[in-house]
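Q: Sequence:
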Amino acid sequence: MTSRITENNLKSALINVDKLLISSLPDDKHIIHNFSPSFEGKMKKLILRSKRMEKNLSSRYRRIIAITAIVIVLATVTLSIPNVRAAISEFIIEVYDKYSHIFFENDNYDDNNHSEEFISYAPTFIPDGF
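All the letters of the sequence shown, read from the start, carry residue numbers 8 to 137 under this note's numbering.
Take the hints with a grain of salt, since some may be wrong.
[Unchecked claim] Pair by pair, the computed Cβ-Cβ distance ranges are:
(1) R11 / G48: 51 to 59 Å
(2) H37 / N63: 39 to 47 Å
(3) L64 / I39: 33 to 41 Å
(4) I38 / K18: 28 to 36 Å
Simulated from the structure, these hints should not be mistaken for laboratory data.
All C-beta atoms in this analysis are idealised placements derived from N, C-alpha and C, irrespective of residue type, glycine included.
Make the full structure from the sequences, and use the hints.
A: Written out as C-alpha cells, the structure reads:
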C-alpha cells in the first residue's frame, strides 16, 4: 500500500501539528517572567521612537499636500486673470512673424569673456522634394 501525500493532506497535517504545539504551551497567566530594567528601558525608547516616526510621517505628508495644494491654487488663480496671463506670456515668449523666440535671461553670462564664436552651418545635401 502506497501513501500519497497531497497538498490538502499536508496542509491539514500541518494545521493539526500547529494546534497541538500551541495547546501544549502554558497560558499567559502561568508564565511568570520579569524583564531586566535595561530591557524595559530599551523597549520604552523603541516605542517612543516608533510613535515619533508615525507622527513625523503623517505631519510631513500633510505639509507636502498642503504646499502642493497652495501652489496649484495660486497658479490657477494667477493664470485665470487674462492680464496677468498675457504679461507672463509676453515675458517668456517674443512672437515674431514666422517664428517664436523663447528666451531665458542669464545674469552670469558675459559676451566679452565667451571664447567660442558662433559658427553658422548650412546643410550640404537636401533630398528632392524638400
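Q: List, from low to high, the hint numbers that the structure doesn't satisfy.
A: Checked against the structure, no hint fails, so every one of them is satisfied.
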